[in-house]
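Could you put together the complete structure from these sequences and hints?
Protein chains: 2
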Amino acid sequence: MRQSELFGGTMREAPKDEVAVNAKLLERGGFVHKTMAGVYDWLPLGLRVLNNVNAIIREEMNAIGGVEVFLSALQPKERWEKTARWEVLADIMYQFKDHSGRDVGLAVTHEEAVSEIATRFIHSYKDLPRFIYQIQTKFRDEPRAKSGVIRGREFLMKDLYSFHRDEADLEKFYAKADKAYRRIFTRCGVDVLVTEASGGTFTKNFSHEYQAVSEAGEDFTLSCEKCRYAQNKEISTITEGETCPKCGGVIRGAKTIEVGNIFKLGTKFSEAFGVSYADETGERRPVFMGCYGIGPGRLVGTVAEVNHDERGLIWPEAVAPFRVHLVALFGKEKSVRQKVVREADRLYEKLLAKGVAVLYDERGETSAGEKFADADLLGIPWRVVVSEKTCAAHAFEVKRRSVAKVTMMSWDVLMKKIVPTTRRRG
Amino acid sequence: MRQSELFGGTMREAPKDEVAVNAKLLERGGFVHKTMAGVYDWLPLGLRVLNNVNAIIREEMNAIGGVEVFLSALQPKERWEKTARWEVLADIMYQFKDHSGRDVGLAVTHEEAVSEIATRFIHSYKDLPRFIYQIQTKFRDEPRAKSGVIRGREFLMKDLYSFHRDEADLEKFYAKADKAYRRIFTRCGVDVLVTEASGGTFTKNFSHEYQAVSEAGEDFTLSCEKCRYAQNKEISTITEGETCPKCGGVIRGAKTIEVGNIFKLGTKFSEAFGVSYADETGERRPVFMGCYGIGPGRLVGTVAEVNHDERGLIWPEAVAPFRVHLVALFGKEKSVRQKVVREADRLYEKLLAKGVAVLYDERGETSAGEKFADADLLGIPWRVVVSEKTCAAHAFEVKRRSVAKVTMMSWDVLMKKIVPTTRRRG
Numbered sequence: 000m001r002q003s004e005l006f007g008g009t010m011r012e013a014p015k016d017e018v019a020v021n022a023k024l025l026e027r028g029g030f031v032h033k034t035m036a037g038v039y040d041w042l043p044l045g046l047r048v049l050n051n052v053n054a055i056i057r058e059e060m061n062a063i064g065g066v067e068v069f070l071s072a073l074q075p076k077e078r079w080e081k082t083a084r085w086e087v088l089a090d091i092m093y094q095f096k097d098h099s100g101r102d103v104g105l106a107v108t109h110e111e112a113v114s115e116i117a118t119r120f121i122h123s124y125k126d127l128p129r130f131i132y133q134i135q136t137k138f139r140d141e142p143r144a145k146s147g148v149i150r151g152r153e154f155l156m157k158d159l160y161s162f163h164r165d166e167a168d169l170e171k172f173y174a175k176a177d178k179a180y181r182r183i184f185t186r187c188g189v190d191v192l193v194t195e196a197s198g199g200t201f202t203k204n205f206s207h208e209y210q211a212v213s214e215a216g217e218d219f220t221l222s223c224e225k226c227r228y229a230q231n232k233e234i235s236t237i238t239e240g241e242t243c244p245k246c247g248g249v250i251r252g253a254k255t256i257e258v259g260n261i262f263k264l265g266t267k268f269s270e271a272f273g274v275s276y277a278d279e280t281g282e283r284r285p286v287f288m289g290c291y292g293i294g295p296g297r298l299v300g301t302v303a304e305v306n307h308d309e310r311g312l313i314w315p316e317a318v319a320p321f322r323v324h325l326v327a328l329f330g331k332e333k334s335v336r337q338k339v340v341r342e343a344d345r346l347y348e349k350l351l352a353k354g355v356a357v358l359y360d361e362r363g364e365t366s367a368g369e370k371f372a373d374a375d376l377l378g379i380p381w382r383v384v385v386s387e388k389t390c391a392a393h394a395f396e397v398k399r400r401s402v403a404k405v406t407m408m409s410w411d412v413l414m415k416k417i418v419p420t421t422r423r424r425g
Numbered sequence: 000m001r002q003s004e005l006f007g008g009t010m011r012e013a014p015k016d017e018v019a020v021n022a023k024l025l026e027r028g029g030f031v032h033k034t035m036a037g038v039y040d041w042l043p044l045g046l047r048v049l050n051n052v053n054a055i056i057r058e059e060m061n062a063i064g065g066v067e068v069f070l071s072a073l074q075p076k077e078r079w080e081k082t083a084r085w086e087v088l089a090d091i092m093y094q095f096k097d098h099s100g101r102d103v104g105l106a107v108t109h110e111e112a113v114s115e116i117a118t119r120f121i122h123s124y125k126d127l128p129r130f131i132y133q134i135q136t137k138f139r140d141e142p143r144a145k146s147g148v149i150r151g152r153e154f155l156m157k158d159l160y161s162f163h164r165d166e167a168d169l170e171k172f173y174a175k176a177d178k179a180y181r182r183i184f185t186r187c188g189v190d191v192l193v194t195e196a197s198g199g200t201f202t203k204n205f206s207h208e209y210q211a212v213s214e215a216g217e218d219f220t221l222s223c224e225k226c227r228y229a230q231n232k233e234i235s236t237i238t239e240g241e242t243c244p245k246c247g248g249v250i251r252g253a254k255t256i257e258v259g260n261i262f263k264l265g266t267k268f269s270e271a272f273g274v275s276y277a278d279e280t281g282e283r284r285p286v287f288m289g290c291y292g293i294g295p296g297r298l299v300g301t302v303a304e305v306n307h308d309e310r311g312l313i314w315p316e317a318v319a320p321f322r323v324h325l326v327a328l329f330g331k332e333k334s335v336r337q338k339v340v341r342e343a344d345r346l347y348e349k350l351l352a353k354g355v356a357v358l359y360d361e362r363g364e365t366s367a368g369e370k371f372a373d374a375d376l377l378g379i380p381w382r383v384v385v386s387e388k389t390c391a392a393h394a395f396e397v398k399r400r401s402v403a404k405v406t407m408m409s410w411d412v413l414m415k416k417i418v419p420t421t422r423r424r425g
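Chains A and B, in that order, give the protein sequences.
Take 0 as the starting number for the first sequence in numbering that gives the first Met the number 0 and just add one per residue.
Take 0 as the starting number for the second sequence in numbering that gives the first Met the number 0 and just add one per residue.
A portion of the hints provided could be inaccurate.
[Said to hold, decoys possible] Covered stretches of chain B (chain A as the covering partner; in silico rule of three or more C-beta atoms under 8 Å from a C-beta of chain A):
id : region
1  : 5-17
2  : 123-133
3  : 255-267
4  : 293-305
5  : 342-354
Just so you know, the hints here were simulated from the structure itself, not pulled from any lab data.
From the three backbone atoms N, C-alpha and C, an ideal C-beta is built for every residue, glycine too.
Set out below in structure tokens:
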């Protein structure tokens, strides 16, 4: 799209009320707008990144059999009393009365909802297993919300719930989900440690967390440098500087961002809601459940934290809002301007026709310096400059955001480099 | 997908607590689940319909220059005090205090939010016009919520906001938006009357509503049978039985469902938030705004209200959850069963490979009668039966949901009829 049509724009200075790097960069670049602490609006550039992350998540969830649903945020108190979580989660759940005096809350998670729904559809062993997921907005009244889009009071969540006839089947799917999670983070360009952690209010079993190493992390993860065995600090059976129980390597500690988690719920929720099935002999048994969460917005924030330099963001190709940032430098002379417009327009149209996502900086009165600074801030993988100089050389000036080198390329070479030869997976 | 993998299932009887036809059919068919009055969960089948509607809306909004954003539901009170709507909308807005004692609310609409954001990006006449939209969940504490997904307390809304340098430019876009709206409803199979109506809390000017004629309607629309000139009853300059002021035809009244509306906001919101621009002479002027709403969930409910018979839903092709309902009737003999499975599987795989969305009823112990009743209830456009009889005839039994006739078709004829020759628009 043309940059002048964007509902966005960059700020020279980082917003003064932000501490987190992701928030500073995303707000400066016009990816998000802050409505209040922990509550962000996704502007066109930011939404494109978020949608790319969502698309990757959907592909991987569909690939392991997930079927998509979309559940409500508004929740009746009675539903949450069945698991006592109306009380347990009262500190972080928005709970209020509607105009008729009824107690309602905003969902922080959906185990209660899916369990209630499952009683309608799961009756027999033939109805198992089932895997449903959604990408939907959750609300959480965080006491501190200083980590930008990483810890929001309102945030998107992908939550998958699985239903099984027994623990063995749950274990089997849990391992599949773990693999899908690793693929998601790899595809988004985020290196994660898979840690053992406690189950919180969900389960007494261990759960697993996907922790990205970053200075912006609010968690502390202990991990072995050699075999990558990792634990969340809170369970603490390994200690920094000591020897890894798995391989004998050295355990190190690091601040990390939790980008995903998976839990074996067992029968806690199915027993509370009566989600049971008749087995082959007709005997009724409780369903085993698992839950699997990723925050897509938090993941975008994490990508920003681990992929930037002092000049701005450096989006990995798979999640970048556009593949190409086409920057036209018009100069002052009318004849030069016309030549540059013609050449830049031609390239823009051609790339669009080839299915390449292009942000076209055709702003008239912005200086070359400002355009380059904006391109660095926005962090689109390929920057292609059209100017008097490039027109004279019958070439384009090409620079990847992640490397310093600038290269002159002919039309044909540029096309070969920039137009993806294979379609994106999925 | 295979019907046995769906998180869904049909109910023989309509739920007792539902009055509206759309809710009865959508719940019976497993398209939605009711969490509480006016709050519905979208299950896999329902979400597919909703996503089809959303895709049509996105195409038409993008075609008139709309750029997508995703704004927050949580809203600070201070923002809404600038237009006095914290008070004005208090009856229908969920308003509560967070744990720190701050007043927050859930957005019923986003004029305040977009106006605040626009002050960041609109400075000069060169920054105009701009068109942003979102498809996002809104909350509204409806005193009565008896119309199923048509009047929800939590519902999806597509809301577009336009920003203009003057009234003439707003008028021009308003007319374009009107055309896009008509295309959306036509594509979704809903015939609408475009009515003049009052502007509510948005504007003192007339607005326009898109009203679908249906017994389930909560509105009352007066319209001319000849020229289709229409008014919402509340403005009442025309009366039932009288003569149309435009063409001399007869004015009739009908209950209708409001499926969309468009408003010229003028400068009400831009003045409250200071959204202004410098014109060519440097003089500062207020921005003119318009807003344009459609409820995708309500539209699904309306499609259900106007497209059903006593046996179930009859989805128009463009929004149907699947194009083909492939029904395999296995019979009791093993050899027959194997033959039917082989033939049905072959057709299923082939249709999937051709990009046709198929729901495959391969449930083993469901009777032919139940399968046909379910197919009628779910309302998928093409029903294709594979059975002992069809295998013997080297053909398939094909029935369109909207017509009574059953036809035997050979593989080749079936493929020609069912595989779309052109890609869907967009």
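The hints, checked one at a time:
1. 5-17: holds (count 4)
2. 123-133: holds (count 3)
3. 255-267: violated (count 0)
4. 293-305: violated (count 0)
5. 342-354: Violated - the region 342-354 of chain B has 0 residues with a Cβ nearer than 8 Å to chain A, which falls short of three.
Against the hints set out earlier in the document, violations occur for numbers 3, 4, 5.
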